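K.L.:
Using the sequences provided together with the hints, build the complete structure.
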Amino acid sequence: MRKPHPTTILMHVILILVCLLLLYPVFVMVAGSLKTAEELALNASGLPKTPVLENFRRLFNFNSGLIIRTYANSIFVATSYTGLVVAVASLAGFAFAKFRFWGRDVLFLLLLITMMIPVELNITPLYLFFSRLGWLNTYRVQIIPGIANVFSLFLMRQYMVTIPDSLIEAARIDSAGDFFIFRKIIIPVSVPAIGALAILQFLSKWNELLFPKIMLTKERLMPIMVILPTLNEIDSARSVPWELVLAGCTLVTLPLIIVFLIFQDKFLSSVTLGAVKG
Amino acid sequence: MAIRIKNGMKGERQWTPYLFILPFLVSYALFFIYPAVYSLALSFFRYKGYGKASFIGFNNYKNLLTYRTLWMCLGNTLFYFIASFIPVMIVSFSLALIVRSKLVRKWQSLYKPIIFLPQVCAVVASSLCFKIIFGDRVGVFSQLAGHPIPFLSDNTLMKWVVVVLLTWRGIGWYFIIFLSGLTTISDEITEAATIDGAGPIATIFSIVIPMMKPTFMLAFITNAIGSLKIYTEPNLLLALNYDPPMQVAPYINLIINSMGGGQFGMASAAGWILVVVILILTLFQLNLFQGDE
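Those protein sequences? They're chains A and B, same order as listed.
Per full-length UniProt numbering, residue 1 is the first one in the first sequence, and the count goes up by one each step.
Per full-length UniProt numbering, residue 1 is the first one in the second sequence, and the count goes up by one each step.
Since the hints were derived computationally from the structure, they do not count as laboratory data.
Note that this is a predicted model, so its numbers are computed, not measured.
You may find that some hints are simply not true.
[To be verified] The list that follows gives simulated cross-link-like pairs (lysine to any residue, SDA-like), each with its CA atoms no further than 25 Å apart: (1) A:Lys-3 x B:Pro-200; (2) B:Lys-159 x A:Lys-3; (3) B:Lys-229 x A:Leu-136; (4) A:Lys-49 x B:Ala-145; (5) A:Lys-266 x B:Thr-183; (6) B:Lys-106 x A:Ile-262; (7) B:Lys-229 x A:Phe-130; (8) B:Lys-229 x A:Ile-168; (9) A:Lys-266 x A:Ile-214; (10) A:Lys-184 x A:Asn-207; (11) A:Lys-213 x B:Tyr-34; (12) B:Lys-229 x A:Asn-207; (13) B:Lys-102 x A:Pro-4; (14) A:Lys-213 x A:Ile-262; (15) B:Lys-229 x A:Ile-117; (16) B:Lys-52 x A:Thr-230; (17) B:Lys-62 x B:Ala-83; (18) A:Lys-218 x A:Arg-69.
P.N.:
Pasting the structure below:
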């Protein structure tokens with residue numbers, strides 16, 4: 001066997017060091033979730049001497065199951081939101097990609113221009129509207145407001161433009177209706193784009209903090225992300241139960257990491273498909 | 001049912017495309033356009049959230065722009081943006097170049113997921129975890145040093161901890177973007193440059209980087225827009241109960257604090273100032289990229 005070039009070795013050394021550095025915080029999180037409070041206070045950096053699952057048990061029992069409840073809230077909200085975004089965006093994306101209709105290009109351009117406006121701008125008016133409508137402290141308020149987003153529309157439209165017209169025309173000759181074509185031809189062909197969009201939207205909803213923090217005051221309706229940072233205030237006067245916080249962090253991160261490792265190609269292609277993310 | 005024209009070519013059935021975009025347009029109008037317009041109008045009023053709103057012209061804007069805290073928070077947000085932008089872009093592009101280089105390429109499926117992994121971690125979880133790594137008492141660094149290091153209590157140091165967190169999270173995303181940009185540059189082009197006597201560094205600067213210009217432009221602009229809206233990382237890292245000192249708070253806190261104080265007109269005006277800042281920064285970057293053509 002030929003000896004590897006010294007540059008190759010150097011590159012691998014650099015990459016391995018960078019990878020260790022990038023993985024270290026995740027290690028601290030997972031390892032810390034298995035340590036007792038006493039051990040964490042002395043040894044936050046290394047492996048746990050005797051791993052314990054006690055933190056997770058305490059976390060699940062905390063405040064009569066609040067963590068499990070809010071965890072389920074997060075999954076429910078992020079899943080329904082993702083489903084709605086994908087549905088709305090692919091319907092509209094199909095129209096913009098495959099129909100010629102009055103006002104199409106102007107409308108599309110106007111929509112793209114509004115991408116410059118940050119959603120954070122709308123927190124103030126939406127709070128006022130929803131408090132008048134009685135939508136505060138509901139699941140509706142967490143799911144519905146962002147379902148039409150231009151980024152998703154743009155992504156779906158760009159993908160659907162590449163679907164050959166001949167596929168659609170063939171179905172038209174068989175006198176298939178437009179919705180039938182959408183369901184039976186466009187959607188199956190667009191699965192890669194839909195998968196990428198779903199991953200991006202799920203992660204963005206999963207990570208959302210500001211919006212639910214403003215719109216919700218009832219803990220049992222909140223997503224887990226709003227609860228986690230408040231855990232270290234349970235006993236704020238004396239000690240901060242960091243081991244519980246780390247267990248909670250592991251709980252919201254580890255499942256995603258596992259899903260990511262299984263479907264990594266889909267995740268990575270979602271980045272490039274969604275490179276216009278703003 | 002409406003009458004259908006058989007064998008219709010695109011656009012002959014005029015009503016269907018509108019039907020397809022209807023759900024999007026209705027919810028976009030209700031939950032995005034209408035609130036945005038409403039907040040523009042509201043920014044010219046004093047409004048406590050109940051009772052009568054009183055028109056005060058540009059006073060909200062005037063008050064905000066002469067308010068030292070606004071400039072402080074805007075400065076903090078810009079600091080977080082620029083101080084993380086530089087390392088994120090340099091590191092992720094260098095990593096992409098290394099992973100893409102012929103010597104390492106066959107291992108890329110090993111490195112790609114690891115470098116991307118921080119992106120998959122929940123933002124809240126990563127922020128809390130960094131709080132432990134840099135903590136005074138429990139902190140990894142403090143324990144290793146054997147004495148508390150005030151990473152999260154010293155106003156200057158804590159800003160840098162936020163930058164480290166943003167960099168750690170950001171690298172993976174741009175690494176993947178740059179890597180896919182690099183795959184569009186064929187080996188023949190870079191090899192031709194090598195045959196012409198260009199060293200690897202010269203090839204990168206004179207061939208690869210110019211060819212990657214569209215990728216850079218997109219990456220820079222989306223990074224800027226995202227960074228100006230930063231909220232979660234500094235608020236979780238630097239404060240208990242979401243209330244960091246104003247010396248380190250990001251701009252969004254200004255909107256939230258005005259709302260919390262029942263000043264909805266002021267909060268709206270603060271939002272629109274952010275829109276203008278984003279607009280200026282984006283136009284500036286577009287100009288920069290088109291300028292040297």
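K.L.:
A separate judgement is required for each hint: does it hold in the structure or not?
P.N.:
To see whether the hints hold, each was checked on the structure:
1. Distance restraint check for Lys-3 (chain A) and Pro-200 (chain B): the Cα-Cα separation of roughly 22 Å lies within the 25 Å cut-off, and the hinted pair is therefore satisfied.
2. Among the hinted pairs, Lys-159 (chain B) with Lys-3 (chain A) is inconsistent with the structure: their alpha-carbon atoms are about 46 Å apart, more than 25 Å.
3. Taking the CA atoms of Lys-229 (chain B) and Leu-136 (chain A), the gap is about 23 Å. The hint holds against a cut of 25 Å.
4. Only pairs whose Cα atoms come within 25 Å are accepted, and Lys-49 (chain A) paired with Ala-145 (chain B) is accepted, the gap being roughly 21 Å.
5. A distance of roughly 18 Å separates the Cα atoms of Lys-266 (chain A) and Thr-183 (chain B); the hinted pair therefore holds under the 25 Å criterion.
6. Between the alpha carbons of Lys-106 (chain B) and Ile-262 (chain A) the distance comes to roughly 20 Å, so the proposed pair stays at or under 25 Å and holds.
7. Distance restraint check for Lys-229 (chain B) and Phe-130 (chain A): the Cα-Cα separation of roughly 22 Å lies within the 25 Å cut-off, and the hinted pair is therefore satisfied.
8. Straight-line distance between C-alpha atoms of Lys-229 (chain B) and Ile-168 (chain A) comes to about 41 Å, which puts the hinted pair past the 25 Å bound.
9. A C-alpha spacing of about 33 Å is found between Lys-266 (chain A) and Ile-214 (chain A), which places the hinted pair above 25 Å, so the restraint is violated.
10. Annotation: proposed proximity of Lys-184 (chain A) to Asn-207 (chain A) is violated, straight-line Cα distance about 33 Å (limit 25 Å).
11. Annotation: proposed proximity of Lys-213 (chain A) to Tyr-34 (chain B) holds, straight-line Cα distance about 22 Å (limit 25 Å).
12. This hinted pair checks out: Lys-229 (chain B) and Asn-207 (chain A) have alpha carbons roughly 14 Å apart, not beyond 25 Å.
13. Note on Lys-102 (chain B) and Pro-4 (chain A): the hinted pairing holds, with a Cα-Cα distance of about 13 Å set against a maximum of 25 Å.
14. Note on Lys-213 (chain A) and Ile-262 (chain A): the hinted pairing is violated, with a Cα-Cα distance of about 32 Å set against a maximum of 25 Å.
15. About 11 Å separates the Cα atoms of Lys-229 (chain B) and Ile-117 (chain A), which keeps this hinted pair within 25 Å; it holds.
16. For the given pair, Lys-52 (chain B) sits about 36 Å from Thr-230 (chain A) by alpha-carbon distance, which is inconsistent with the 25 Å threshold.
17. Proposed proximity of Lys-62 (chain B) and Ala-83 (chain B) is contradicted: the alpha carbons are some 29 Å apart, above 25 Å.
18. Straight-line distance between C-alpha atoms of Lys-218 (chain A) and Arg-69 (chain A) comes to about 12 Å, which keeps the hinted pair within the 25 Å bound.
Comparing the model with each earlier hint shows violations of hints 2, 8, 9, 10, 14, 16, 17; every other hint is respected.
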